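The residues making up each chain are set out below.
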Amino acid sequence: MELFLQRLVDGLSEGSIYALIALGLVIIFRGTGHLNFAQGEMALFCAYCVYQFGEWGIPMIPALLMGMVIGFFIGALTEVALVRPVSKRSPFAVFIVTIGVFQFLNWLDSAIWGGQQLPSSAIGSKQRTYPSLFPNDPDDFVTVFGAAIKISSLCIFCMVLVITALLFVVFNYTKLGLAMRAVASNADSAKLVGIKVSQVLMVSWGIAAAIGALGGVAFAGIITTVNTGLMFTVFLYGSAAATLGGFDSPGGAVIGGLTIGVVQNMVAGYADEWVGTSMKVAVSFLVILVVLLVRPSGLFGTAKVERV
Amino acid sequence: MSRKLHVTIRSGGPASWVIRLLTAAFVVLIVLWVPTRASDSLIDTATTALVWMAAAMSLNLLVGYAGQLSLGHSAFLGIGVYTTAIGVTRWGWSPLWTMPVGFAVAFVVGVLVSLPALRIKGVYLALVTLSLALVFPQFIKWPKIEWLTKGASGIDQVSYKFSKDNPTFELFGWNPWGNLRGQNVKPFYYWMAVLVVVFVYLVCRGVVKSRMGRSLVAIRDNSTAAAVMGVNLAVTKGVVFGLSAAMCALPGSLLAMKTGTVTPDTAMLTVSGSIVMLVIMVVGGAGSLWGPILGAAAYELIAEKTGEWNEADQIPGFLQPVLGWSEMPPSTGIFAVVLIALMFFAPYGIVGLWRKQIARVVTVVPRPAGTANLPAEGSAPAGS
Amino acid sequence: MTLLQVRGLKAGYGPLKVLEGIDLEVGEGEIVVMLGANGAGKTTTLRALSGVIPRTGTVEFAGADISKASPESIVRSGVAQVPQGRGTFPELSVDDNMHAGAYPRRDSSAAIKTDIGKWYDVFPRLADRRHQRAGSLSGGEQQMLAIARALMSRPTLLLCDEPSLGLAPLITQELFKVLERLNKEEGLAVLLVEQNANLAMHIASRVYLLETGRIVASGSAAELSADDSIRKAYLGF
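Chains as they are written, first to last, in the working numbering: chain S, 1 to 308; chain L, 1001 to 1384; chain V, 2001 to 2237.
Just so you know, the hints here were simulated from the structure itself, not pulled from any lab data. Treat each hint with caution, since some may be false.
[What the hints assert, rightly or not] Here are the computed lysine-lysine pairs in the PhoX-like style, where the Cα-Cα straight-line distance is at most 25 Å:
| no. | chain 1 | residue 1 | chain 2 | residue 2 |
| --- | --- | --- | --- | --- |
| 1 | V | Lys2017 | S | Lys88 |
| 2 | V | Lys2068 | S | Lys196 |
| 3 | V | Lys2017 | V | Lys2113 |
| 4 | V | Lys2184 | V | Lys2118 |
| 5 | S | Lys196 | S | Lys175 |
| 6 | V | Lys2232 | S | Lys196 |
| 7 | L | Lys1121 | S | Lys88 |
| 8 | V | Lys2177 | S | Lys196 |
| 9 | V | Lys2184 | S | Lys175 |
| 10 | S | Lys88 | V | Lys2010 |
| 11 | L | Lys1356 | L | Lys1209 |
| 12 | L | Lys1356 | S | Lys88 |
| 13 | L | Lys1305 | S | Lys280 |
| 14 | V | Lys2118 | V | Lys2177 |
| 15 | V | Lys2113 | L | Lys1356 |
| 16 | S | Lys280 | S | Lys196 |
| 17 | V | Lys2068 | V | Lys2017 |
| 18 | S | Lys175 | V | Lys2113 |
| 19 | S | Lys88 | V | Lys2113 |
| 20 | V | Lys2010 | V | Lys2068 |
Since we're looking at a predicted model, the values are computed, not measured.
Model the full assembly from the supplied sequences, consistent with the hints where possible.
Printed below as a string of structure tokens:
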């Protein structure tokens, strides 16, 4: 039971990170119908920036906020300068452009900060770690029903719940949210009722990248270092989460992310003998494949009726 | 204003045949020049380019023509790699004969993957195929089948074993096969790669120009409409998935015997391999037969050139201020910029750019259906 | 007094030129009908007037030049469009559709709520379905929603793009009655684009005939139906 609880919370906190990336993907997909392949790398760049701010002596919270602002600008700029001009041609071209952005940002990270892990533990005798958002020392845990649960895991899970609630309010009860939903539903009509569609799309990409930045920083905090390969797997799980929940459903993205995190931890925990660490990946994707076969638009996605 | 030069060519007419022959002669010349006159390293680069060509062509059949986005082709490449590696080392097969086996295995897997593709579309399909690419290396490393795949440590000694008895082939004093006795086997693999590329090209051409090719384009442009018009979606998608996967296994086999050592974590067998194939296809021109060929050549050229800039002082002068500060070789960054720029200025790739330039001076008049043997001039139907 | 004055309006899609210079006028409180066959450029005219496609020529609305204005500022200045094929937001609830219609307004949410209530009184069937998704409404209801949504921006000119498309004749009649009532009671000017000539002619104060991007005839409904050749070619009776 203790073990189960521990794995559950670990799974939820890992899943929370996936959920943040998935949320970003869904926000972009709803607005423009594109899959942003660079979502993870945008987050990674921001995570590097936050590390750099930390090196310059800026406290964690302002550093994080600055990182999210940078994320917002990267996202918005990508939409305006790169995605919009190409999107008139074909959705495929946009996909390729996001792959280009993905490669470019990844290279930029290694060009600026080098290929090795940061902060490098070799400097000095004291082991330095990536600034964690929440207390993440080995003795920072609470005991619930006999299970030792890390405080940082709980905090990250709660943070994602708060973000989700916040987004829910923005989506459903603000003018910006209304505009975003209207654009997602019918961009042509949105223009005709006087919504500035281009602005809405720009802001959507910005918000998506800012949320991703939060995910990137939180994840780097969990595993205590940052390197250029950090976010690619997270992006893959995030997109898997979005697939599972349905690419047009923000709630689905969160549930999908949490599900994948928990399934993964449970599988690794209970069936380690048979599945092993390497096939952990396969299990979650198998789950998704089965779900997609039953519901081709994900668990909470809406199926579009096609007209000829 | 001066009138620009403008030529009209009748498709299937003499001028068109001359152009075709010239192009063919040019291609043959390059293909012959590389193994006989070029340096060893260039032969190596060319072989790699040929491997990418075949892989990207097979991907192009599925993505460019049938419009089914796949990020999983690295797995099909990997199936070829591992079929050859296992066949050669475990059962002592000749490397050449592992190729049809890999072809068949990949065909079956491809058809299996096409089953979910019948229900899943667009971004969801991309992610399902992406998961295939992701799972493949993990599957190879899975402890339960380590007895077969040797896990993360990989398999070595896959290459051909040449002995003194191997025949050599000489023509007018030079030997296009390379010196097999002296163990310089680079031209040998080069020629195998050429054969694979020719085979894949012919298959793609056959499919595209056939009735099936038109069904594929119909599926790409509007699958619902295609189904309504009587295209059997299940069979067509199944066959094209299978074919595409099977053909992608061939360069995989080639790769295994060329490098001699295979490990599951080779970049080509992971998601990044799939991305490279996709990039090559797009750079060359998706949905055209020659696109992947030109794309792969361009990709290898850029990769080779920028790969040399490992140290800051190797970067050419005019790029120094832009890239000199970088802690990493700039090749990935340059390629990313080229890729994005291409989407802006040449969305249909090199082939699209070429056609656009040619269209300024040459108009190709298509041959009317069913008039193949009529005289070219003055054949307008009378009295109409 | 003229509300909308259009001179030499040209528009198209990329290399394709659809409108070849159109002149038209809509007076205050007038219902003007534009008739034309498929592909004549009716929808293009409305889209150009709303500013969602590039156009040249002069468009004056209530004395101000809006020929270079962005779609949102055109809506704000008082021109609302009911798009063709009931362009509602199908995934949004009826209520949210109405709120989206009020997007350019900057007044209090109480005033917006009052307006929504007012249009629900005019279209009582929408009030019953206010929490339903717009996509689940019937064709006629969606068309009513599209009109009500356009009215939410408090327009002085309503551009209606073939509201009768795909609707049963009885429902079309009902719709046109509502338009007539809005015109009489609210003083709303309407530019109605139609293929369905018979019905539209009844409520029109003036009629334009559009053919391949040009206005080929104009006049009052009575004048046009009196002209034999026009009646045979366009009105079909």
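Are there hints from earlier that the structure breaks, and if so, what are their numbers?
3, 6, 8, 9, 13, 15, 16, 19
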